[in-house]
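As you go down the protein sequences, you meet chains F and E in turn.
My numbering applies: residue 23 is where the first sequence begins, and numbers increase by one.
My numbering applies: residue 23 is where the second sequence begins, and numbers increase by one.
Simulated from the structure, these hints should not be mistaken for laboratory data.
Hints may be right or wrong, so weigh each one.
PhoX-like mimics (lysine-lysine), calculated; alpha carbons at most 25 Å apart, straight line [stated by the list, open to error]:
{"no.": "1", "chain 1": "E", "residue 1": "312", "chain 2": "E", "residue 2": "390"}
{"no.": "2", "chain 1": "F", "residue 1": "69", "chain 2": "F", "residue 2": "118"}
{"no.": "3", "chain 1": "F", "residue 1": "416", "chain 2": "F", "residue 2": "118"}
{"no.": "4", "chain 1": "E", "residue 1": "416", "chain 2": "E", "residue 2": "69"}
{"no.": "5", "chain 1": "F", "residue 1": "102", "chain 2": "E", "residue 2": "363"}
{"no.": "6", "chain 1": "F", "residue 1": "66", "chain 2": "E", "residue 2": "390"}
{"no.": "7", "chain 1": "E", "residue 1": "312", "chain 2": "E", "residue 2": "363"}
{"no.": "8", "chain 1": "E", "residue 1": "118", "chain 2": "E", "residue 2": "102"}
{"no.": "9", "chain 1": "E", "residue 1": "118", "chain 2": "E", "residue 2": "66"}
{"no.": "10", "chain 1": "F", "residue 1": "390", "chain 2": "E", "residue 2": "118"}
{"no.": "11", "chain 1": "E", "residue 1": "416", "chain 2": "F", "residue 2": "416"}
{"no.": "12", "chain 1": "F", "residue 1": "69", "chain 2": "F", "residue 2": "416"}
{"no.": "13", "chain 1": "F", "residue 1": "66", "chain 2": "F", "residue 2": "416"}
{"no.": "14", "chain 1": "E", "residue 1": "66", "chain 2": "E", "residue 2": "416"}
{"no.": "15", "chain 1": "F", "residue 1": "363", "chain 2": "F", "residue 2": "312"}
{"no.": "16", "chain 1": "E", "residue 1": "390", "chain 2": "F", "residue 2": "118"}
{"no.": "17", "chain 1": "F", "residue 1": "102", "chain 2": "F", "residue 2": "118"}
{"no.": "18", "chain 1": "E", "residue 1": "118", "chain 2": "E", "residue 2": "69"}
{"no.": "19", "chain 1": "E", "residue 1": "416", "chain 2": "E", "residue 2": "118"}
{"no.": "20", "chain 1": "E", "residue 1": "66", "chain 2": "F", "residue 2": "390"}
{"no.": "21", "chain 1": "F", "residue 1": "363", "chain 2": "E", "residue 2": "102"}
{"no.": "22", "chain 1": "F", "residue 1": "118", "chain 2": "F", "residue 2": "66"}
{"no.": "23", "chain 1": "F", "residue 1": "390", "chain 2": "F", "residue 2": "312"}
{"no.": "24", "chain 1": "F", "residue 1": "69", "chain 2": "E", "residue 2": "390"}
Remember, it's a predicted structure, so these values are computed and weren't measured experimentally.
What follows is the residue order along each chain.
2 protein chains.
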Amino acid sequence: MSSTDLRFASRDQHRSWLASQARLPGGFRVGSSVFGFTPFELDKPAKMKLTIIACDRPTADFAAVFTRNAFPGAPVLVGKRRIEEPTLGAIVINNKISNVCAPDGVQASERVCAAAAGLLNLDPGQILPCSTGVIGWRLPVDAMVAHLPAALATLQSASVLPAAEGICTTDLFPKVRRAELFGGSIVGIAKGAGMIEPNLATMLVYLLTDLQVPRNRMRPLLRTTADDTFNRMSIDSDTSTSDTVALVSSGQVPCPEINAFHAALTQVCADLTEDIVRNGEGVHHVIRVKVNGAPNRHIAERIGKAIVNSPLFQCAVCGNDPNVGRLVMAVGKEIGAGSTKLDSSRLRLSLGGLEIFSGGAFRLDRDKETALVRHLRDAELYQSVVPADGVTFKPPVDYPPHERCVEVGVDLDLGNGQAVILGADRSHEYISENADYRS
Amino acid sequence: MSSTDLRFASRDQHRSWLASQARLPGGFRVGSSVFGFTPFELDKPAKMKLTIIACDRPTADFAAVFTRNAFPGAPVLVGKRRIEEPTLGAIVINNKISNVCAPDGVQASERVCAAAAGLLNLDPGQILPCSTGVIGWRLPVDAMVAHLPAALATLQSASVLPAAEGICTTDLFPKVRRAELFGGSIVGIAKGAGMIEPNLATMLVYLLTDLQVPRNRMRPLLRTTADDTFNRMSIDSDTSTSDTVALVSSGQVPCPEINAFHAALTQVCADLTEDIVRNGEGVHHVIRVKVNGAPNRHIAERIGKAIVNSPLFQCAVCGNDPNVGRLVMAVGKEIGAGSTKLDSSRLRLSLGGLEIFSGGAFRLDRDKETALVRHLRDAELYQSVVPADGVTFKPPVDYPPHERCVEVGVDLDLGNGQAVILGADRSHEYISENADYRS
Chain F
23 MSSTDLRFAS
33 RDQHRSWLAS
43 QARLPGGFRV
53 GSSVFGFTPF
63 ELDKPAKMKL
73 TIIACDRPTA
83 DFAAVFTRNA
93 FPGAPVLVGK
103 RRIEEPTLGA
113 IVINNKISNV
123 CAPDGVQASE
133 RVCAAAAGLL
143 NLDPGQILPC
153 STGVIGWRLP
163 VDAMVAHLPA
173 ALATLQSASV
183 LPAAEGICTT
193 DLFPKVRRAE
203 LFGGSIVGIA
213 KGAGMIEPNL
223 ATMLVYLLTD
233 LQVPRNRMRP
243 LLRTTADDTF
253 NRMSIDSDTS
263 TSDTVALVSS
273 GQVPCPEINA
283 FHAALTQVCA
293 DLTEDIVRNG
303 EGVHHVIRVK
313 VNGAPNRHIA
323 ERIGKAIVNS
333 PLFQCAVCGN
343 DPNVGRLVMA
353 VGKEIGAGST
363 KLDSSRLRLS
373 LGGLEIFSGG
383 AFRLDRDKET
393 ALVRHLRDAE
403 LYQSVVPADG
413 VTFKPPVDYP
423 PHERCVEVGV
433 DLDLGNGQAV
443 ILGADRSHEY
453 ISENADYRS
Chain E
23 MSSTDLRFAS
33 RDQHRSWLAS
43 QARLPGGFRV
53 GSSVFGFTPF
63 ELDKPAKMKL
73 TIIACDRPTA
83 DFAAVFTRNA
93 FPGAPVLVGK
103 RRIEEPTLGA
113 IVINNKISNV
123 CAPDGVQASE
133 RVCAAAAGLL
143 NLDPGQILPC
153 STGVIGWRLP
163 VDAMVAHLPA
173 ALATLQSASV
183 LPAAEGICTT
193 DLFPKVRRAE
203 LFGGSIVGIA
213 KGAGMIEPNL
223 ATMLVYLLTD
233 LQVPRNRMRP
243 LLRTTADDTF
253 NRMSIDSDTS
263 TSDTVALVSS
273 GQVPCPEINA
283 FHAALTQVCA
293 DLTEDIVRNG
303 EGVHHVIRVK
313 VNGAPNRHIA
323 ERIGKAIVNS
333 PLFQCAVCGN
343 DPNVGRLVMA
353 VGKEIGAGST
363 KLDSSRLRLS
373 LGGLEIFSGG
383 AFRLDRDKET
393 ALVRHLRDAE
403 LYQSVVPADG
413 VTFKPPVDYP
423 PHERCVEVGV
433 DLDLGNGQAV
443 ILGADRSHEY
453 ISENADYRS
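Taking the hints into account, I'd like the entire structure generated from these sequences.
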């Protein structure tokens, strides 16, 4: 899926590579700034980052797709209205509080938009709001509005990196990917670390381009691209209430061929997808499942998701334990729960390229077990270190050391349906991150 | 769901209560014995327990339900044939190796049955085999056959406890429940700790009764009871390849009323269900979700399962963190993925009996947050202790200190569908147990 096979030996090496990816296309300015406030729901102070993506002039050529969660956040409700507006002028993003199911959430979101619009000489309807963070809490609108001028003062047109960093929450590192074509570029940034599943889980993605792609071409294209990339990953099967993927064009560079643009956009999104999984909360291993021979694409996706979402398989991978029985269990669980008829004598499974199941039985021996363990170890991003307080595990790296995956192959030999699904293992760091996230 | 509200202050207190529950109904003998062997797949030695449940005379009155996983173990394939036999004489159960998808698994299982039949003066078709443990490994048939006489020598008719202990794998404590009626009894034992979801995950349950219930009445009744109890729990959403629930009657005591028997059987199964969840791998909290007002029972079950299977909600509960946003996320994820239309202004959610969501928004304040934390703390079974090696967590108790649950209420106000689903939180102990289980 990835266009590159990158290795990084240090945080600094990774950050300088990010900086090289981050040059903004023409027509955009971005900025980000942090401020302190006291949430209505807590006694102790907290910090929030306000990030702005501003178009030099409002553009009609923008598109967005949103979470399918039945309880979308207020910014998603507002965003769905913005899609109908003739032009977009800026995106205002906050972290810390997601403004989901909070009292008067839509009004709060609109108040932030109105204040930003006033400062940017825009109409409130030209501002797309996005929020991520704790569900249920109220947005600190007054504090946000008071801080907006400071955030706007950071706007610059050189690099998207401040925005890539500004939208992060528990992300270990910012995520930036780019493609260049026809003298223009597409630059994408993403935030997303947990609550990641099918339908654009807690994931914010902003794709900026100077290539001129008209709104009516851009919109179906973004939906297809999201289905082929972001909707094929799962870290914890949980679907966030805030997910948003937005694509904005400044239209400064002619785009002679829409298919080439689609391919480049898909590559940027595929790379960001892999970045998001690799930076998933507590991820020690990225798992890539290639399902072939399914009756259709939908069943192929479901089987791939069943594997990457199986807690027992996730734990086995975390421990570098090639417990392939759990792989068969996960496939059998999904098939047994559905209506697909399986001929297990035609099923073939592989791990790390080695055949482990065929003809209705496992094909294992001690040499193969040794090779499977080696494959898992090679794909490991880091090992847990003994925590300082004895119970709270923290990842010992804040950059991705490599782009290798645990490679799982499933061939049902029943049809032409196929899918590639990305997921991750389950570790002590995930538990530590999520068992005590708010307090 | 539980018939009792038990508290135990120590392992000894719990064990003596179990002994009081364990008196065998007339017509059965049980025994269990352990032996050492070297698996084909490993260099180091391992231990296996062989457990026997024998009928004094073969009975036509037996029933069983099996896993719906599409890759059932060889014993399940054999068991499905046994169901068609005129009578059952004994059940032979081993732990350590599940005999799933291993080469020649059915033949291996049949060889164990034939050997047991020879020693018990039965026909091989009168033996129900059950296996639980590692998937993919081969059953050590020769070693098992050699040890069968020793296992049979332990048969006795006083207590089911040796069998309840013999079938355990990673279970922290044996599980025994009983009901008495019409001068007879139903005694149930269960094994099951991980890989527990809808369709009878790694769960073995044996229900023995001296009450005379004919085979043709017993079979639909067991299926209904399993759907109402065992199929409404989920620890990790994973469906095992070996699950079996068997009900056997010795027919020594007349049963004048089948409905009373059904009610008693349901109570025994409901109690065992709760025991299984409470003893789930790494469980700190049992979560009970009551869903009401769903369009139908099926949707109610799916919403309940979505909540107890949400990794983020599970982690929040583990940390005694009333992160109710994740509860709303899980409900919204399930509804958003399906076709149910939700009016979020009619949805009501409660935690620990306190209303947390109504009229489309959260109903929270600091006092309520404090009360929610207290509810979670009260339902906690134990806290993690700093592990000796720094990374491998082990539960500090091997008995259930109490039977309290984290109580979640969901009312969709859309119809009459309802369901009660049992699940559990997600902890470091689960990761430790499953990331390094085989090696």
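Taking the hints in turn, this is what the structure says about them:
1. 312(E) - 390(E): holds, 20 Å
2. 69(F) - 118(F): holds, 7 Å
3. 416(F) - 118(F): The given pair, whose Cα atoms are some 20 Å apart, holds under the 25 Å limit.
4. 416(E) - 69(E): Given pair residue 416(E), residue 69(E) holds - Cα atoms ~21 Å apart, limit 25 Å.
5. 102(F) - 363(E): holds, 18 Å
6. 66(F) - 390(E): Given that 25 Å is the threshold and the Cα spacing comes to 17 Å, the pair holds.
7. 312(E) - 363(E): holds, 20 Å
8. 118(E) - 102(E): Holds: residue 118(E) and residue 102(E) sit about 22 Å apart, inside 25 Å.
9. 118(E) - 66(E): It holds: about 14 Å lies between the C-alpha atoms, which stays within 25 Å.
10. 390(F) - 118(E): holds, 22 Å
11. 416(E) - 416(F): Judged against 25 Å, a Cα distance of about 20 Å means the pair holds.
12. 69(F) - 416(F): holds, 21 Å
13. 66(F) - 416(F): holds, 23 Å
14. 66(E) - 416(E): holds, 23 Å
15. 363(F) - 312(F): Judged against 25 Å, a Cα distance of about 20 Å means the pair holds.
16. 390(E) - 118(F): holds, 21 Å
17. 102(F) - 118(F): It holds: about 22 Å lies between the C-alpha atoms, which stays within 25 Å.
18. 118(E) - 69(E): This hinted pair holds, its Cα atoms lying about 7 Å apart.
19. 416(E) - 118(E): Holds: residue 416(E) and residue 118(E) sit about 20 Å apart, inside 25 Å.
20. 66(E) - 390(F): Holds: residue 66(E) and residue 390(F) sit about 17 Å apart, inside 25 Å.
21. 363(F) - 102(E): holds, 18 Å
22. 118(F) - 66(F): holds, 14 Å
23. 390(F) - 312(F): holds, 20 Å
24. 69(F) - 390(E): holds, 24 Å
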